[in-house]
Structure formats: structure tokens, C-alpha cells
Amino acid sequence: MMKKLNVLLVDDEVEFVQTLAERLQLRGFDIHTASDGEGAMNQMEKSLPDLVVLDVMMPGLGGLGVLKQIKSHYAKIPVILLTGRGSTADGIEGMRLGAFDYLMKPIDIDELIKKIRDAAPG
Amino acid sequence: MANANWYQNLFRSILNPDAENQSADRYRALRRNIVILMMLVTILPLTLMAIINHYQYRSSLKAEIVNPMRALSSKTKHSFELFLEEKLSNVRFITSVYSVKELADEKNLARIFRILKKEFGGFVDLGLIACNGIQTSYAGPYDLLAKDYSEQSWYHEAKVKGIHISDVFMGYRKFPHIAIAVQLVDEACDHWVLRATIDTHLFDNLIASMQLDAESDAFLINDKGDFQTNSKFYGKVLETCPFSPPPGNYGTSVAEEKDPQGREIISVYSHFNTLGYTLVMIKPQSVILKSWFTLKSEMFFIFTISTVAIFLVIFKLTGILIRNTREADERRELAFRELEHSQKLSSIGRLAAGVAHEINNPLAIINEKAGLMKDLVERAGPFDHKEKFLGLTGSIQSSVERCKTITHRLLGFARRMEVQFEVLNVNDVLKEVLGFLEKEYLYRSIDIRLQLADNLPHISSDVGQLQQVFLNIVSNALAAVEDNGTVSITTWDRNAETVGISVQDNGCGMSEETQKHIFEPFFTTKKGYGTGLGLAITYGIVKKLGGELKVESQAGRGTTFYVFLLKETLSKTSE
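Sequences listed follow chains A and B, in order.
With positions in the first sequence counted from 1, the corresponding number in this note's numbering is that position plus 2.
With positions in the second sequence counted from 1, the corresponding number in this note's numbering is that position plus 5.
Hints were generated in silico from the structure; no laboratory data involved.
Some hints here could point you the wrong way.
[What the hints assert, rightly or not] So the derived label-pair ranges between C-beta atoms look like this: (1) B/Arg-407 / A/Lys-78: 35 to 45 Å; (2) A/Met-97 / B/Gly-386: 40 to 50 Å; (3) A/Gly-67 / B/Glu-406: 29 to 39 Å; (4) A/Lys-116 / B/Glu-557: 41 to 51 Å; (5) A/Gly-30 / B/Lys-349: 44 to 54 Å; (6) A/Ser-74 / B/Thr-410: 32 to 42 Å.
All C-beta atoms in this analysis are idealised placements derived from N, C-alpha and C, irrespective of residue type, glycine included.
So that you can see chain A by itself, here it is in the shape it has in the complex (with noise of 0.2 Å):
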């Protein structure tokens, strides 16, 4: 039996991310929500994720200034970006700065756990 992965969704919109947080945990993940960069960064320091699922587009630092500096902090946490823009643009210029991959909203939840599976350390 695997280890329960710990993912930490970050997310502005609440219905969204706890939704999401349902449907992973169905899925036998073991999740934290946060609905901005604060409480992220506050989640992380609480407890450290195996993984950050980070939305893009979000009041504040925005999801790329979340990313930068969960990156400074934690820097071999892997993060997997949500963008709702339809374009590539933010997704690479998120890997750029360490994502590991991205994903558009809608997205698909099997694909997200295949993603999931593929950054998670181990």
C-alpha cells in the first residue's frame, strides 16, 4: 500500500477548490485547501505537501507570484498550474519559473491525477 499523497489546492474560487479537494480525497488523496497565497503559504508552513496544485489567476500575488515564492522556500516541492485563460502563455512562463506542468480549467480529473502520479516524488 502506497503512501497517501499530500496535496495542498490552491485556489480563489471556494466551490471550486472544495469540490476538487472531494473528489481527489475520494481518490484516496490526502488534501489541504487554501484560497489564497497567504493561507498557502501558511498550509505549508503547518504541514509540507508532496505537492501544490496552484491556480494562475488569483487576486493578490496572483497564481505566479504564489509559485515564485513557494519555489523560494521550497524549492523541490512540485507544483502543477491551473490556468482558466485558454492560453499556453502563462503555462510556460509558469514552468519557467519551476511548475512542473500545467492544465486548463475546465480540467479533466483523470488527467490531473496522471499528472499528480507523474511529479509526485518517489
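Given the coordinates of chain A, assemble chain B onto it according to the supplied hints.
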């Protein structure tokens, strides 16, 4: 006043054609106005010059004819004077050399007369008249001895003035002659008169020596207006002349008048200095006008030729001018339309991107909620309508999937594309694209005709973008044709900067109205299943790559799409 308004309007309409109606008539009006104006400024001076020349040539031609007439007339007058002077001298010489007594001797006088006739000629007779007026001595062909002249006026005048030259008269002899009388003096009486008569046919010789043409006439008249010589057209000697010399009895004068037959004539009058004679020379105007008519017809010919030439040039030039103006107007209008079109596309694009982005988030929520619902139903034990629920969530998710396709394509249409330029062969890209579509066209037995230029130069562009462009255009062509239809794909080296690709089908074609809108997003003819984004995206990509996308179509005959691509990358893409 009305006239001034008319040409003001003309000028206004030339300078500001928009003021007139905007229809195609505008060009016709413009053309008409330019032609009229140009005609005015060319034909008018030409006509004016022709008229001025007309009169100038006429007067100078007249002068050219009149001046020799004057010269000839005064020369002839001079000859007449010399002739009369000579005759007078002859008689005076006799009176000086011989005494009255010698002249009174009949034999002597006859001898003198013989010598006179022989040496000088023209003399008819010679007589000496005594102081009482009786001819005392006479030599000549007539029997005039002892004739009494005492009552004759010329005799008295000779006695008073010393000499007298008479007008032409018939006298006793019944043929025209003139008499010259010179006074003599002796001891007994101081008014003897020696009288000689002279045949005036010598006058005719002088006039004949003028060598006038058949139309012209010359004659002598005296101060009473009687003919002194015969006239060709106007009468005999001593008849009254129909012309009267202009007043002022000196020199030569010229008059234009009508003769009794109604002919237009030019007459030259030369007055004799000492005698009351006038030499009249007549030339009909028709002689002058003959050369004038020749010149006039030549001038008229040149005038006509140049007028026709001006007409032709003006018409041709104006035609070219109007055509160019019209083409420039049309090009400008087209450019405006294109600009308008691309602005419309870009603003629609921005709007679409905004909407798509806003919709994407709720869509993601719907997707997750439906997904969770499905997860829960799957994991629950059997219950009523379980299968139905699974079906419902599945169809929600597939609808979300459709929406996602639309929003992503909308965003793709609007977003700024990062173009990855590389050197590529357009033919290869086309073949690759045809590979994707092979199944469809083989299945439908569509004839794909490839006419790819072998030596097509490689161009610098983006493979992925071009694939999308060609895929879209070729798919459209395949959709347009019936089964067994034909799609021709051609590539060629268009010019120094661009290569051309055309995709031609013999399918259903499009109406003019459809052609106007095909590059606009959401415009579709595929009712029900088209997004209306394909060609809009294609258009955007081609523009972004610095190329051009054109369409030609006729409803029922087929459609041709042209793509023109730059060989070299633009140094900087727009936006």
C-alpha cells in the same frame, strides 16, 4: 449674371466633385466638366488666333496686291507726263528756232512738219494761226487753211497762258486727238499761235505697256470725268466715266468700290501733276481673293486637323484621368473596408476572450460538481435511478467538454500567439495536413489534385500555425464538395517576397453576402455543428504571420482560397 453662375458651378463641381451626387454619374459629370473646360481653354484661343490671322493675312495680301498697282499706276502716269512734255517741247522748239515769217511760208512749214513726223512721230498736222484767229499756214492731211479759230476757247487760253494742251476731242477730224498750242511773238503782233495735233492712239500704247491681266482695266479721264482713252469694260473715248476720282488732286489714292456691273473692285487713281488728267487702274477683288481663298482653305484645314487632334487628346487624357481617379477611389474604399474589417475582428476577439475567460471559471465549477456527483453515485450502493443519474452527470460533463472546446477556441482566436519561426517547405506542410484528412477524402472518393511547385523556395514560418491554417481551409473545401468532387491544391513562387497557395473546390460556392462575413467569428453556414471560428482563427493566424488570405467564390460554381505567405520573417510581429 446667369452665365457667371454657370461657370462658378462648373468650377465648384470640378474642384469638389463630392458636392454633386455620389453615384457613378459623378465620374461622368467630372469627365464632362473637365472636357468642357479643357476645350474652352484650348479651342477658344485657337479660334481667336485663326480669326485674327484670317483678317491679318487678308489685309497683308491686299497690300501685297495694291502696292504694285500703285507703283505701276504712278509709273504709267509718269510716262504719260513725259510723253506730253516731249510733244510740248517739240512744238516749243519749233517756235524758238523759226520766226513767224518762216513758219508762215507754206513750203517751209510743210518741210518742218515732215521732219517732225519723221523724227518724233504722233503728229497729225501743224498749223500757224495769225493774230486775228485765222489759220494762215497749214501742213497736214486736211484742208484747214484759212479756218477761223478766233472763237475757240483753247485759242484764247493759248494767247493768255502762252501754251495750251487740250483735252481729247474729235474736232473736225472725227478721231480722238489732242491739240498743243504755243504762242509766238513778232513785231506786228504778239499772239501768233503754232498749233500741232497729236494722235491719241499713242496713249493706248502706253496703257498696253502696263501689261494688265484680262480682268483688269486702265484708262485716262479728265477732270470732268470723261474718258480720254478707251476702257476695256466701261466705255469709249469721250463718254462719261462711271467712276469719280476721290477729291484732292495730288498723288495716288486707292479706293474699294463696286463697278456698274456690280463687281467688287479696287481702283487706283493717279492724278497728273500739271494737267487735269487722272490715270485710273481697276482690278477686281476676285483676283486678290483667289490667292486669299487658297490660303484660307489651307488655314481652315490646319485648324480642323488641330481641333480634331485636341479633341482626341482631351478625350483620351480625360478618360485616363477619370479611370485613375476612379481606381484610386475604389482602392481607398477597399482599404477602408479592410481596415474596418480587421478592427471589427480584433474588437470581437477581445470581447470573445473576455467572455470566454469569465465563463471558464463557473464552467470549471460545474465540471467539478458534476464530477463529484458522479463519483458519489458510482461509489454508492444500488438505488433507484442510479443508472439514470450516471447518465445525467455524464451528459453534464460532456456538455461542459463542448463548452470548454468553444471557450478554448475563442481564447485561441483572441490571444496573442507566440509564433515559433523556422525554415520550412510549404509543400511538406501541405502533404502532412493532407495525411490527417486522407481517411475522409478517400472514403468520399474526392479527387485531390496536387500541383505543387518543385522549386518552391523555403520560407520562414511556424509549422503548427500553418498546419492549422491549411487544415482549416482544406477541411472547408472537403465540406463544400459533393462526394466524387474535386479539390485542387496549388503552390507557386508568387513574387520576390511571397509564395502563393491556392485551394480550389468545385463545390457549392458562396453568395456575395456570405463572402463578406466568412472571416468573422461565429459566422457559420454549417447549421448546428459549426462554431464559426475556423476561418476567423485562420484569418488571424495568416495575418499574424504577415501573410494574406483571400477568397473568390461563385455560388454553385465553387470557391478558391488564396494564402500568400512571406518568404522572410517580419522583423517584428504586430501588437
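Hint check results:
no.: 1; hint: B/Arg-407 / A/Lys-78: 35 to 45 Å; in the structure: holds (39 Å)
no.: 2; hint: A/Met-97 / B/Gly-386: 40 to 50 Å; in the structure: holds (44 Å)
no.: 3; hint: A/Gly-67 / B/Glu-406: 29 to 39 Å; in the structure: holds (31 Å)
no.: 4; hint: A/Lys-116 / B/Glu-557: 41 to 51 Å; in the structure: holds (47 Å)
no.: 5; hint: A/Gly-30 / B/Lys-349: 44 to 54 Å; in the structure: holds (52 Å)
no.: 6; hint: A/Ser-74 / B/Thr-410: 32 to 42 Å; in the structure: holds (37 Å)
Taken one by one, the earlier hints all hold for this structure without exception.
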